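Visitor: Okay, here's what each chain looks like letter by letter:
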Amino acid sequence: MKLLSYFRGEAFQRGVHPPSCKLTADRAIRRLPFPPKVTVPLSQHIGKPPRVIVRVGQEVVRGQPVARTEDWLSVPHHAPVTGVVESIDLRPTARGPWAPAIVIRAHPGATQEDLWGQPRDMAGVGGAEILQAVWDAGMVGLGGAAFPTHAKLSVPKQAKVHTLVVNGCECEPYLTCDHRVMVEEADYLIQGIRYAMRATGAVRAIVGIEDNKPDARAAIRDAVGRAGKLPEGEIFAELVPTKYPQGSEKMLIMALFGVEVPSGALPLSMGMVVNNVGTLAALGRLLPAGRGLTERVVTVTGSGVARPGDYRVALGTPLRFVLDYAGAPAADAMDARQVILGGPMMGQAIASLDVPITKGVSGVLVFRREDMAERESRQTYPCIKCGECVESCPMGLNPSALGMLAAKREYELMGEDYHLGDCFECGCCTYVCPSNIPLVQQFRVAKQILREQAVA
Amino acid sequence: MGSFSDLALAGAFMAVLGIALAMLLAFANRKLYVWEDPRIGEVEELLPKSNCGACGQAGCRDFAEKVVGGAVIPAQCTVSSVQQRQGIAELLGVAAGTVEKKVARLACGGGHHVAFLRARYAGLRTCRAAAVVSGGGKECAWGCLGLADCETVCAFDAITMDRHGLPQVDPEKCTACNDCVEVCPKGLFSLEPVSRKLWVACKSQADGDTAEAACEVACTACGKCVADAHPKLMQLAGNLAVINYDWNDHASREPIERCPTGAIVWFEKPDRPVKGAAAKKILRNEPLPVLH
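Order-wise, the sequence lines are chains X and U. So for the first sequence, my numbering puts the first residue at 1039; every next one is plus one. So for the second sequence, my numbering puts the first residue at 664; every next one is plus one.
Since the hints were made in silico from the structure, they are not lab data. Quantities reported herein were computed from a predicted structural model and do not represent experimental measurements. The beta carbon of each residue, even a glycine, is placed where N, CA and C say it ideally should be. Please note: incorrect hints may appear among the correct ones.
Facing chain U, from chain X, some residues (calculated, C-beta under 7 Å) [claimed, not checked]:
#	residue
1	L1128
2	G1134
3	P1135
4	W1136
5	A1374
6	R1375
7	A1387
8	I1388
9	A1389
10	S1390
11	E1414
12	P1476
13	Q1479
14	R1482
15	V1483
The task is simple: from the sequences and hints, build the whole structure.
Guide: Written out as structure tokens, the structure is:
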């Protein structure tokens, strides 16, 4: 298959080229030990929280379901460690408000093997059964959005999917967890892609990888060769230009096929489903074993840690424990403002180090105090109408005008006439703004208010 | 002479057209006429025209229609003066009626001098924006962020930020229009009738020790107020003292007296919350440092 758009040197229009800073790209994934306690928030995904099915004082083993749900837009949770349920209570979250969570005290010396789940034969299992298995595994998109995977893979009756797009771009600077997963777990990834193709009915799958990761493409091509001829269809691995935000699904489709997904529409309307490589590799690992999602790969990096790397972390591990293990300064010598959850472009500043790693956390960035001090002293100036943000917005919006409307609280106008709904908060406009205007933060507030109005 | 006949023809044509259109308009005026009570306009003239929505209607015009229709009483416009209400009542020949005055009340007492910060927030200076960033800088996840969204949104100038970064509501100016209730990202404001004098000025659902470590005036759910109050009036729920205002007639100052932190207050006057005798005295005026 010829992917002409790449050879023409076009990706999508606009976008930015931040320094890649991938410090950990050539370090193998390592496993983190269990913390003494894990905190499993019930709401780690988009959708309703599930319902708790364990009691305080109950012993649970790693992989045992601790929360269950019948609601389609929700996922169950599994105990990340073997231990005792210590409390079911409100706990702090990275988003801010305290939320219900299950706290499990790990047994000292408990094994990291999964002790729950029956291996099952996945050969010839149909789409509906795969969807159910994905749901039971508690899978959400591991790229960061944490949308329930079974809902994303289920195709409505009237729609037809021909292509599964596998997102291996990892365009965020610093993050390398997807890169390492592609290199080290290519066989699991191929398995996961096959299940997803069966579930969606896609006849081909294309892994899109930014061209700064040729080793990942080589690993996937090797794995495709090892897998031989597949009954589900062909799997391709293609390079796309390195540019931020290439990992957004609409940008990736533009780079691979040269077509634009219309405003307000999903890739599904064009017969495509986009999934992250981390999600599919986890599917390939969990489904044949009949297990639930109990851990994920997290990139811990930045100038503030002595041992940056990609770590396999039990879900619910407190951030403080992860930082301590990765060689961040002692607790009294650092504070939460040095830490960002996620990548530097779309990640979130946090106000407390007591929040747990959840299913949607792909990275932990730690900076030295000196680095942060310089940033914090930056002043915000009025908009000088230079148009840099318009030149950078991958969705073709006008962030400058949106920012001025947000300052005047004209939220409805922003939504109706300026297509605020198309903004996916990639951060390009804020990154290039010479006046340091926090545009994305304004848009997040505006979108939140519009959502509230829509509900009311 | 041709030009004169052209002129006459054009003039005659325009005259006929004019008459035809005039007849059409006259016909439409008869057939499509909608009678509207002239009193609606008169009532609207007597309303404050702030379109604030405090009455629960879509605006002053909507309220005027409902008043004339008899669906609501004039006193439900809490923004208008007594004279205005009386004027409307006389115009319509109904009683102005009385509606108990409501004021906006803040369920938080944690100013900068008593509530710790866990991080210093440096972004956009609005509560909404701060709440998006990990819930803002307050150690207490429920507490007032103090960035004055409510002061900005209040159209009646009833809210001012005090020196500790807490909004103070002027009950004289407050019209209970609900704007502050909607704007607060922490949901701390509610509209309360002034007869509700007993008030829990805290929303922290953290356990007692955690709540008190974050804020010196937090409700620690110690239960002394519940023990002292009328049995139906107060109870503990979600690490908080909760008042059941159905039993407001039995409210007294008694429950506040033993409150160790002063989270339970008594509004002696609508603008003057009083703490109990056992509440710890806060002598500090300067802001507390950032924790961690």
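Visitor: Now tell me, hint by hint, if it's right for this structure.
Guide: Now for the hints, and whether the structure bears them out:
{"no.": "1", "hint": "L1128", "verdict": "6 Å, holds"}
{"no.": "2", "hint": "G1134", "verdict": "2 Å, holds"}
{"no.": "3", "hint": "P1135", "verdict": "6 Å, holds"}
{"no.": "4", "hint": "W1136", "verdict": "5 Å, holds"}
{"no.": "5", "hint": "A1374", "verdict": "5 Å, holds"}
{"no.": "6", "hint": "R1375", "verdict": "6 Å, holds"}
{"no.": "7", "hint": "A1387", "verdict": "5 Å, holds"}
{"no.": "8", "hint": "I1388", "verdict": "5 Å, holds"}
{"no.": "9", "hint": "A1389", "verdict": "4 Å, holds"}
{"no.": "10", "hint": "S1390", "verdict": "6 Å, holds"}
{"no.": "11", "hint": "E1414", "verdict": "6 Å, holds"}
{"no.": "12", "hint": "P1476", "verdict": "5 Å, holds"}
{"no.": "13", "hint": "Q1479", "verdict": "5 Å, holds"}
{"no.": "14", "hint": "R1482", "verdict": "5 Å, holds"}
{"no.": "15", "hint": "V1483", "verdict": "5 Å, holds"}
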